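J.: Given next are the chains, with one letter for each unit.
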Amino acid sequence: MDNTSLGLWGVPLAMLAGAIRVSTPFIFVSVGECLTERSGRINLGLEGTLVMGAMSAYGVALVSGSPWLGVLVAAGVGLLLGALHAGICQLPRVNDIATGIGLMLFGTGLAFFLGKPYIQPKAPNLDAIDLGWWSSIPQVRQALQVNYLFIVGIILAFALAWALKNTRWGLIVRLAGESVDAALAMGASVGRTRLIATSIGGAFAGVGGAFLSLYYPGSWNERISSGQGLMAVALVIFARWDPMRCFYAALLFGGAGALGPALQSVGITSGYHLFNAAPYILTLAIMIATSSAKHSARDMPGELSMAK
Amino acid sequence: MTASLERIAVPALALLASAVVFGLLLAIYAHVDPLEAFALMYQGAFGSWFSWQNTLTRAAPLILTALCTALPARMGLMIIGNEGALVVGGVAAAAAGIAVTNAPPLIVQLAMAVAAMIAGGAWIALAGGLRQWRGVNETISSLLLTYIAIALMNHFVEGPLRDPSSLNKPSTWPIGDANMIGTIPGTDVHWGLVYGVVACGVIWLFQRFTTWGFAMQVIGGNPKTARMMGLDVGRYVLLACGAGGAFAGLAGMVEVAAVHGKANASLAVGYGYSGILVSFLARHHPLAIVPVAILLGGIGASGGLLQRRLDLPDAAVVVLQGIIFVAILASETLYGRFKFFRVKEG
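Heads up: the protein sequence lines correspond to chains A and B, in order. With the first sequence counted from 1, adding 18 to any position gets you the working numbering. With the second sequence counted from 1, adding 820 to any position gets you the working numbering.
Hints were generated in silico from the structure; no laboratory data involved. Note that this is a predicted model, so its numbers are computed, not measured. Ideal Cβ placement from N, Cα and C applies to all residues, glycine included.
Chain A regions said to be covered by chain B (calculated; three or more residues, Cβ under 8 Å):
#1 251-265
#2 292-301
Derived DMTMM-like pairs (lysine to aspartate or glutamate); straight-line CA-CA distance at most 20 Å:
#3 Lys-134/A - Glu-240/A
#4 Lys-989/B - Glu-240/A
#5 Lys-134/A - Asp-1134/B
#6 Lys-183/A - Asp-317/A
#7 Lys-183/A - Asp-260/A
#8 Lys-134/A - Asp-1131/B
#9 Lys-183/A - Glu-196/A
#10 Lys-140/A - Glu-240/A
#11 Lys-989/B - Glu-978/B
Given these sequences and hints, build the entire structure.
T.: So this is what it looks like as structure tokens:
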């Protein structure tokens, strides 16, 4: 059965399915980048972290037979890459944007280098929760196959939003991002705060990569990522540096990405690729609308290198 | 004089450190003798006339895309949308080439170059203009524009400009063999290399010897001072971004008119992102861009030999490039730290 038998209803259904499936890596990468940027640092290298996460998760799952161990290792690898980025950027006069691009190249290169032996064999995948058991329509059942990581992602977004607002640690992260002087006045170590925030952000991105190789599309190859790591930066701006809005924005980006193929399946093929550009045009429009010649984008942490 | 010695010593130290890290990776993970690997890399990059041609061909697009970051960087702007400018340039070149395909080849080539440079220039000038008049961060807007450019390319390549006979890899109609820009006589290296080297030379002369070039340097040093001097900052921002984008667009035209013969997804293979790093490694200096691009082109060219002789994955050279970039960027912090290089006063 294909979508055409459901008529036009297939389009929103496919978008829902896409939003849930495609958005999970976006949720992890963008919530992680959100934390990093709130601490006043930008990490453009998450693309490399994501691919390294995908490779290490797949390799570990293949060797150990346990996909969840793979997810854990991916988080660890992401943590290390995040710490590397933070450590380098902490040196005086080092540009964090260029370093991020350098680490993006390093991470993807290293993943393809070390991951060469894992391209052929098939690793065990993560399993999903069947939330569509009540329906007899296969599309609905398929759309409601929800992976555990999606739920973990939602919880992390909520937890981060709460922690930033209500905990002492959250306050220090926000201070490090808004004003180094204020953070120093409170006796907080800006460097250590950013190191922790960037490392955790990297760990999130690693898990996002694990989802790619262990669930959807569920294999390891050199085209595993279609730029989700770099897109996260756009997503965080789109969400104006709020973890919960990052989650909604990730759903929206996922759904928008699914719109093209869904329309194609009901026979609308022209302009299909222009829909893919929609999230970026929207992000750019939001930046234009919320900035002015006098100040940078609203809600942008003041210490970000791109806010100056 | 000691300061200029430092400028060579610090990057050399970073390169040495990168080689050690990469060598350890090869020795420990791949069980390959690092010295043998480095010897092979030298052979694959610069060891023969054949290797040199491969290296120079790879360097050509990097020189042109690096200018897209280097020119605005002189004025304190950080553009990373090189890939997008290259892609729109390539599509515009293909469209122009198809439109006037029956004209004399020289006219077609000129039309392609002009179309590519206008498209790429407008693309980056948009990011510069948004920064100047709306306060939109140019780094992020140029990155977003890259994604929009790739979507536009896919739209044109699979839609209005598609050659129906390109089944497996959707492409535009070919521009025709007669209209290709060809290779430098006596070599297999295409003319894109000459475009790049000439562009770097002209820009250096411009920055060094013209009032406009000096004005840009003043703006990069301190925009407030520049405004108080009565300089029209906005105009120079548009000029620098537009020119930078135009060169990246020209890189796209070269890819179409010298390599592929048509526009397709092969345009977006990362020359733009590598160009950013070439510009940073050259510290945005137009004359330094050429040797840096040749060095990186050489590392890329040596991948094939490493794969054939030592059975290393072709990504090995990408790892080395990544390590070099990170090491050199991190080495920025070393300037002024060594007492040895400090100029003695009094």
